[in-house]
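A.B. asks: All residue numbers for the sequence shown refer to our numbering, where the first residue is 1 and numbers rise by one.
I should point out that these hints are in silico values taken from the structure, not numbers from a laboratory.
One or more of the hints may lead you astray.
Straight-line distance between alpha carbons at most 27 Å, and here's what the computed DSSO-like set of lysine-lysine pairs gives [stated by the list, open to error]:
1) K54 / K22
2) K11 / K22
3) K54 / K94
All of these numbers come straight from a predicted model, not from anything done at the bench.
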Amino acid sequence: MNEKQPESQPKQRRRYYDEEFKRNAVELLERGERSAVQLSRELGISDCSLGKWKRQYGKEARSAGSSAQAEQTRIAQLERQVEYLSRQRDILKKALAILGQEPSDSTK
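All chains, full assembly: derive it from the sequences and hints.
C.D. replies: Right under this line is the structure:
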């Protein structure tokens, strides 16, 4: 029996969009002039992709990113302060050790 195997469909290539395109698409969506479905049809993308891009590049993501940046700045500042205070502590320990030593009696 010679069965024919189904002809393989040519594979669709995955389309990649640059970050600028994604940001522009999200900006258009956030203006509210068109629905997500309508905009995705016009741009030739899936509405799922548009939703994902909105979570990634939308207003909420930008505000979360700015708060994360502020947090990182605060952490760096606190790390510098810890380093400074550790150096001060070490200096004080050495000074106390020096002051606590009895003078050496070299006239014996």
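A.B. asks: Are the hints correct? Go through all of them and say.
C.D. replies: Against the structure, the hints:
Restraint check: the Cα-Cα separation between K54 and K22 comes to about 8 Å, which is no more than 27 Å; the hinted pair holds. For the hint linking K11 to K22, the alpha-carbon distance of about 24 Å falls within 27 Å, and the restraint holds. Using a Cα cut-off of 27 Å, the hinted pair K54 and K94 is violated, with the two alpha carbons roughly 57 Å apart.
The structure shown violates just one earlier hint, number 3.
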